[in-house]
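S.K.: Sequence:
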Amino acid sequence: MSVLIWLIPVAIAMGGLGLLAFMWSLKSGQFEDLDGAAERILMDDDKPIVPKGYAEGEAEDDADGAASGEKSR
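Residue numbers for the sequence shown, in the working numbering: 1 to 73.
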């Protein structure tokens, strides 16, 4: 029973800290844009990264070393 003398104030203090943290998050704007990040990930505005001067066929030739001047043994 004497444990309750410590547990009740600790529980109230932890609840108060949680309430203060929640109030701080509201005041600092943490909950203003809830859908922004969820919609931003779906936006596909990235352009494909292709080096300048490469055509579609040249990229495949360069991968095996034929276009770069290397000789096969």
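Please keep in mind that the hints were generated in silico from the structure rather than gathered at the bench.
Check before you lean on any hint, since a few could be wrong.
Computed spacing ranges between beta-carbons, pair by pair [as the list claims (entries may be wrong)]: (1) Trp24 / Asp44: 31 to 39 Å; (2) Asp35 / Met14: 44 to 52 Å; (3) Lys47 / Pro9: 55 to 63 Å; (4) Gln30 / Pro51: 38 to 46 Å; (5) Ile49 / Gly18: 25 to 33 Å; (6) Met23 / Gly53: 51 to 59 Å.
Glycine included, every Cβ here is placed at the ideal spot set by N, Cα and C.
S.K.: Checked against the structure, which of the hints given earlier come out wrong?
M.R.: 2 and 5
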